[in-house]
Amino acid sequence: MLQYIGRRVLQFIPVFLGVTLMLFILTRVIPGDPVAMLSGQRAQSPQILAQMRHAYGLDLPLPQQYLRYLSDIAHGNFGQSIATGRPVREIFAEKYPYTLELAFAAILVEIIVGISAGVISAVKQYSFWDVTVTLSTSLLVSLPVFWLGMLLQMFFGIWLKNWTNGQLYLPMSGAGGAGAPFPSYVYLILPAITLASVSTAYAARIMRSQLLEVNGSDYIRTARAKGLSEGAVLRRHAIKNALIPVVTFIALDLGAMMSGAILTETVFNWPGIGYAIYTAINKRDWPVVIGATIIVTLVYMIINLIVDISYAFLDPRIRYGGSEGRQ
Amino acid sequence: MPIDDKTLVESAREDDSAPIGHHLETGGTPLDQVAAESGEGSRTLWSDALRRLLRNKLAVIAMAYLVLVTLLAITAPLWTKQLFGDPMYADTTKIMQTRFLPPSLAHPMGTDDLGLDTFARVVYGARISLMVGLLATAISVIIGIVLGAVSGFYGGITDSVVMRLTDVFLAFPYILLAILLISLMGMGLGPVLVAIGILGWTTIARVFRSSILSVKQNDYVEAARAMGASDLRIMVRHILPNALAPIIVYATMSIGGVILTEAALSFLGLGVQPPTPSWGGMLNEAQSYVVTQPALFIWPGIAIIMTVLAFVLLGDGLRDALDVKVSE
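Just so you know, the sequences run in chain order A and B. So the first sequence is residues 1 to 327, counted in the working numbering. So the second sequence is residues 328 to 655, counted in the working numbering.
The hints are simulated quantities; they were obtained by calculation from the structure and are not laboratory data. This structure is a prediction, so every number in the text was calculated from the model and none was measured. Among these hints, one or two may not hold up.
Label-pair distances were calculated between CB atoms; the ranges are [to be verified]:
1. A:R235 - B:P435: 39 to 45 Å
2. A:G176 - B:L462: 51 to 57 Å
3. B:L405 - A:S173: 52 to 58 Å
4. A:I25 - B:G483: 22 to 28 Å
5. A:G166 - B:M633: 30 to 36 Å
6. B:P602 - A:I189: 35 to 41 Å
7. B:D647 - A:R235: 57 to 63 Å
8. A:Q11 - B:A622: 50 to 56 Å
9. B:L559 - A:H75: 45 to 51 Å
10. B:S557 - A:I48: 54 to 60 Å
From the structure, some residues in chain B lie toward chain A, with a derived Cβ separation under 10 Å [to be verified]:
11. S510
12. N611
13. L636
We put the CB at the ideal spot given by N, CA and C, even for glycine.
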């Protein structure tokens with residue numbers, strides 16, 4: 001196990017260096033004058049520009065600049081907002097808990113709805129429910145999530161409210177808080193469904209095809225032959241084994257969701273890091289856009305590493321099968 | 328000295344006294360066959376595939392839809408203005424009378440907050456979506472083919488470097504890297520196109536690399552090499568045509584994804600700037616009217632879904648017709 005972790009971490013290092021090198025080249029080398037961009041493109045006197053260049057270390061040779069860049073990252077220095085002067089790190093610390101909350105709520109939806117839809121449609125193959133699940137998953141993967149978000153806002157925020165004379169509806173935006181008309185978890189419902197939609201469709205598809213495959217295997221026939229009821233075969237033998245690829249998918253998806261849901265957060269004004277990036281784009285506050293993107297990318301890489309490692313705890317075949325085991 | 332393939336083929340023809348099996352029946356020599364398999368002779372494969380594709384009802388419907396939308400999009404400047412009004416510039420003096428009109432013969436999808444015809448704007452949006460979908464995919468395919476070819480053909484260190492590069496690209500959250508690239512290039516159609524194109528090559532490169540690895544083993548590649556063909560010639564004439572089918576399938580399937588990404592970026596305000604209509608941009612503008620004017624966001628959304636679905640179905644059809652295995 002330790003050996004496996006060691007190997008994964010060793011594989012992580014070149015990718016980490018590659019990603020930071022790419023970020024460094026993109027944000028520091030390619031833009032002709034990063035100082036002009038970092039200072040908000042206002043005209044500055046040559047002396048001030050030279051001072052800033054020195055302060056950012058832009059007068060150093062490139063390899064040395066890259067080392068400084070790495071050290072900046074290690075010290076949590078990701079630039080600051082032009083609009084407010086706040087460090088990006090601080091903005092991130094304030095917004096990220098909301099993003100995490102939304103990600104976990106969405107994963108919950110994905111696990112419950114995705115897996116049960118997949119099981120139902122495999123068990124009742126070619127039935128009405130199977131066709132419904134198959135059609136809706138095809139549709140879900142071709143629609144823009146933010147459009148689905150707007151559709152849900154319309155149904156549950158407006159129509160439902162009109163039909164029930166304002167008795168029953170779901171909040172359309174924000175995250176609640178003190179003085180809000182609903183407890184805060186209610187604000188999570190629509191964004192979580194929206195964020196989960198596409199992955200739920202994939203999870204259901206994978207679950208369905210895996211279960212159909214497992215159902216044809218010898219040990220299932222054995223279980224039936226020894227007289228187990230269909231329900232027991234399904235619960236005790238089939239689902240457990242069919243779940244493995246689904247769990248892999250969901251775990252990787254959690255990493256993707258924790259890297260921010262900029263579209264979902266934008267539609268629902270959910271105050272996470274994605275929405276912060278969107279508002280920064282609108283204000284042309286590029287240091288925030290760039291800094292937040294970099295932090296989120298690093299978080300995403302580290303989460304994926306953790307998912308990989310913890311997955312090896314669950315499935316011993318990966319530990320012994322080397323890095324190819326996941327494929 | 329560059330070796331002329333033609334003279335080689337001719338000299339080989341005279342020397343070759345032991346043609347292989349079934350090639351005799353086609354009347355040609357094995358070397359003719361090598362040349363034929365790499366290019367012209369694959370006609371039967373493609374016509375078979377076309378026949379299978381045309382038997383697939385969903386794929387045919389998808390194609391018909393895409394042809395129709397493409398025609399509407401290309402010809403849009405010729406008729407939208409006369410029939411439905413200017414899709415970009417509003418007559419500011421009459422906004423109060425012309426805004427938020429319900430669907431009618433004059434305005435099949437109604438009008439928006441500026442009194443512009445929604446149908447005309449959806450048709451104009453198709454121009455952007457189709458253009459970005461096709462061009463960005465083309466950029467990805469070109470980068471992917473070149474890197475995949477180099478990686479699969481040469482192997483060794485070149486291969487490792489390219490594969491680590493794909494790892495680095497895949498380590499980024501996709502949409503955020505696109506946002507980062509666009510914020511560095513400045514907003515608009517060009518940057519969106521380039522960003523999506525640059526980011527999409529990894530899958531194509533991997534697919535192409537693995538088809539090259541399998542095609543490379545074939546005898547006719549060995550034969551071409553024995554005849555002294557250059558690496559480039561072997562790649563373009565002998566390997567590419569035989570590794571093309573998976574690329575076509577993946578490219579078609581990914582156009583749908585590219586259209587979704589473009590819509591997302593325009594929705595975030597990074598794409599085509601107003602007044603030029605794009606589906607994502609229209610959804611962004613419609614956000615302010617979700618409560619009062621839901622029709623404004625329904626139409627562009629339906630346009631996106633139908634177009635993306637059409638490319639997915641066409642990709643599925645091509646996959647079955649060309650008998651390509653695609654892992655989910």
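Each hint, compared with the structure:
The given range of 39 to 45 Å is broken by A:R235 and B:P435, whose C-beta atoms sit roughly 53 Å from each other. Checked against the hint of 51 to 57 Å, the C-beta distance between A:G176 and B:L462 comes to roughly 43 Å, which is inconsistent with it. Distance hint check: the CB atoms of B:L405 and A:S173 are about 41 Å apart, inconsistent with the given range 52 to 58 Å. For the pair A:I25 and B:G483, the supplied restraint of 22 to 28 Å holds, since their beta-carbon distance comes to about 25 Å.
The beta-carbon spacing between A:G166 and B:M633, approximately 35 Å, falls within the hinted interval of 30 to 36 Å. Look at B:P602 against A:I189: about 36 Å separates their beta carbons, and that is inside 35 to 41 Å. The hinted window of 57 to 63 Å between B:D647 and A:R235 is violated, with their beta carbons roughly 35 Å apart. Separation of A:Q11 from B:A622 is about 51 Å and conforms to the stated range, judged on CB atoms against 50 to 56 Å.
Against the hinted window of 45 to 51 Å, the Cβ-Cβ separation of B:L559 and A:H75 comes to about 49 Å, which satisfies the hint. A C-beta distance of roughly 56 Å is found between B:S557 and A:I48, which places it inside the suggested range of 54 to 60 Å. For B:S510, the suggested interface contact is upheld, since its CB lies about 5 Å from the closest CB of chain A, less than 10 Å. A cut of 10 Å between beta carbons decides the hint on B:N611: the least distance to chain A is about 9 Å, and the hint holds.
Look at B:L636: its Cβ gets to within about 4 Å of chain A, closer than 10 Å, so that hint holds up.
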